[in-house]
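The whole structure should be built from the sequences, with the hints applied where relevant.
What follows is each chain in one-letter form.
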Amino acid sequence: MLRPALIDGNVTLKELTDDINRPLNTKPGVAWTIGFLVALAALLLGVSLVAYQIKVGIGTWGLNKTIGWAFDITNFVFWVGIGHAGTLISAILLLFRQKWRTSINRSAEAMTIFAVMCAAIFPLIHMGRPWLAFWVFPYPNTRGSLWVNFRSPLLWDVFAISTYFTVSLVFWYIGMIPDLATVRDRATGKIKKTIYGFLSLGWDGSHRTWSRYEALCLILAGLATPLVVSVHTIVSMDFATSVIPGWHTTIFPPYFVVGAVFSGFAMVTTLLVITRKVMHLEKYITIGHLEAIAKVILVTGSIVGLAYMTELFTAWYSGNYYEQFAFKNRIVGPYGWTYAIMVFCNVITPQFLWFKKMRTTPALLFVLSIIVNIGMWFERFVIIMTSLSRDFLPSSWSLYKPTFVEVGTFIGTFGLFFTCFLLFVRVLPVVAMWEVKSLVGHHKEEDSHES
Amino acid sequence: MSHNNFARVKDFLLGLYDDEQRMVAAVKTLRAAGFAIYDVYTPYAVHSLDGAMGLKRSRLGIVTFIAGLTGLILSLTFQFWTNVIDWHVNIGGKPDNSTLAFIPVSFEITILFGALTTVAAFFVRSRLFPKKETLVLDPAITDDRFVIALQKVDGSFNEKKAHGLLVASGAVHIAEKSVIT
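Each protein sequence line maps, in turn, to chains Y and H. This note's numbering puts the first residue of the first sequence at 1, with every later residue one more than the last. This note's numbering puts the first residue of the second sequence at 1001, with every later residue one more than the last.
Some hints here could point you the wrong way.
Stated by the list, open to error - Pairs of lysine to aspartate or glutamate, EDC-like flavour, derived with a Cα cap of 20 Å: (1) H:K1177 <-> H:E1159; (2) Y:K283 <-> Y:D18; (3) Y:K192 <-> H:D1143; (4) H:K1177 <-> H:D1018; (5) Y:K65 <-> Y:E291; (6) Y:K99 <-> Y:E214; (7) Y:K277 <-> Y:E291; (8) H:K1160 <-> H:D1011; (9) Y:K283 <-> H:E1176; (10) Y:K14 <-> H:D1138; (11) Y:K14 <-> Y:E282; (12) Y:K193 <-> H:D1143; (13) Y:K277 <-> Y:D18; (14) Y:K193 <-> Y:D19; (15) Y:K193 <-> H:E1133; (16) Y:K14 <-> H:D1144; (17) H:K1010 <-> H:D1143; (18) H:K1177 <-> H:D1138; (19) H:K1010 <-> H:D1154; (20) Y:K14 <-> H:D1143; (21) H:K1010 <-> H:D1138; (22) Y:K192 <-> H:E1133; (23) Y:K192 <-> Y:D19; (24) H:K1010 <-> H:D1144; (25) H:K1177 <-> H:E1133; (26) H:K1161 <-> H:E1176; (27) H:K1028 <-> H:D1018; (28) Y:K14 <-> H:D1019; (29) Y:K14 <-> H:D1018; (30) H:K1056 <-> Y:E214; (31) Y:K283 <-> Y:D19; (32) Y:K283 <-> H:E1133; (33) Y:K65 <-> Y:D391; (34) Y:K193 <-> H:D1154; (35) Y:K190 <-> H:E1133.
Hints in this document: simulated from the structure, not taken from any laboratory.
This is how it looks when you write it as structure tokens:
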């Protein structure tokens, strides 16, 4: 079956260059300015609260002896998960030769990088003394050398997240070099010319370079694909390798990876529905793109629903008292309401995407993506909180409520995320021009064959 | 093909095209007529050019493999050395050499080494670096023009014939350019 055209109308290469370059050489609009100020305010709130909790200590959080992990790790898993869609779009869809990804991969990768930055904040501040964060790396030290514990999934996380961030950043930048050259050749003003000139590394469009460049992109995609799967697998092992009922299950790695893709695509939808409207990119990020994303959300959402059911079945079938209790407590215990939100948002809501009307109406998709984002945050909260609050010993049972500091820090990470994203759309080409151009060029070729 | 030449000034005959297909056909015609293509400058990667220009497959994959393998061996050795030889710590009674538990870190380091080294090799091989002066043959290359560059090698370059072939193959513009290397 043939896909509908990947971009709307007959765009020439020149129009494409001009359309994508325009925001970089014009003054921002009102919508952007308001959005940026709101994001900046949230970021400032986050920065001041992080400073406060570093000064006073982790006692400003709602944690207690029973519940030593709560908001921070929930937010960490939430943000890392969001990042996964970017890599999926840029790497896995490249390997599968899905050409529709070309209009959205740049912004999705940007989202990945900013989301991983947000995620990394939480383990850092939870250390209490973040200036000693370098202790997580194995370096010769005056304490022995006492090496880090390579058997701990938390350490695996350190390596997974830092590798993921580094490789994503490099992949993003490499993919941008030809476009930075395009921007360089069109930049107005000396400062812009110098910066884009520096970043584009003297790219001249030589085909000898292009040929190697394509090989490099394929190799990086091939490396990023197992990497992205390993990252959320390792994140899930933070839980799965423990002996806590509800965590100690082998379904966790695939369940987390699919959940990550699900939440990431929801965030991509949230961002793109706004971006295409505000930046006037409807021609390049079409309804067709949104529909393709919606289909991924539908598939992954259904797999997530299946995983929830599998967990329940396994708990029942295991005959293990503690496992059964953990899941009963999850549904009807003190945090039962969070389970209800989770099921509503992640299992029921995506099923509406079976309707084409739903998949092709940006406003409806936007609402749906927000619901899924909320649901996926609650999924992590449910997993972490229900298992910790009711452990083996009833005398140590406890409840947890986030404090203002924790909620404010979480809002602060949204501030960081959107501040970065809004700056990105102003200073870097938001659509991968050279990739879309190759589609337009080939498209033209096909037309001339027909005539 | 090496870009290196003892001459400090390189003279080029450039054919500008506004269509991918015509440009690829022109490359084939020029090569068939015995002209060496110095390079082709394009706004995006044109896959059929690899064959038309007779380029060999990139060997970057070999770099990735060697670097990845190095990362794997180094990280496994390092974890073994720290846990078994340098300072073994009893953690939950697990064996000092918990090879399976060393796999995730080794996996990540393999990918990290592979990715970074390949990128570095690409930069070196393609001579891309910050502050490099761009060989801007035409700013329209990063927009919508395809440029075939033929180097006017002293004595052996039949300029008239080349010019004729460029025109016949549908070049929208023909220019001459000297680049100081």
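Check your understanding: Regarding the pair Y:K193 and H:E1133, is the alpha-carbon distance no greater than 20 Å?
Key -> The given pair, whose Cα atoms are some 12 Å apart, holds under the 20 Å limit.
Practice item. Verify the proposed pairing of H:K1160 with H:D1011, using a straight-line Cα cut of 20 Å. Key: holds, 15 Å
**Study point:** Pairwise hint evaluation, H:D1144 against Y:K14, where the allowed Cα distance is 20 Å at most
**Key:** Roughly 6 Å separates the two Cα atoms, so the pair holds.
Check your understanding: CA of H:K1010 to CA of H:D1138, is that 20 Å or under?
Key -> holds, 16 Å
Check your understanding: Straight-line Cα separation of H:K1177 and H:D1138 no greater than 20 Å?
Key -> holds, 10 Å
Check your understanding: Is Y:K99 within 20 Å of Y:E214, Cα to Cα?
Key -> Roughly 15 Å between the alpha carbons, so the hint for Y:K99 and Y:E214 holds.
**Study point:** Proposed proximity, Y:E214 with H:K1056 (alpha carbon, max 20 Å)
**Key:** holds, 13 Å
Check your understanding: Within 20 Å, alpha carbon to alpha carbon, are Y:K14 and H:D1018?
Key -> Given that 20 Å is the threshold and the Cα spacing comes to 11 Å, the pair holds.
Review point. CA of Y:K190 to CA of H:E1133, is that 20 Å or under?
Key: holds, 15 Å
Practice item. Would you check the hint for Y:K14 and Y:E282, treating anything up to 20 Å between C-alpha atoms as holding? Key: Given that 20 Å is the threshold and the Cα spacing comes to 17 Å, the pair holds.
Exercise for review: With a cut-off of 20 Å on the C-alpha distance, tell me whether H:K1177 and H:E1159 pass.
Suggested key: holds, 13 Å
Check your understanding: Straight-line Cα separation of Y:K193 and Y:D19 no greater than 20 Å?
Key -> This hinted pair holds, its Cα atoms lying about 19 Å apart.
In summary, the numbered hints that this structure violates are 5, 9, 17, 24, 32, 34.
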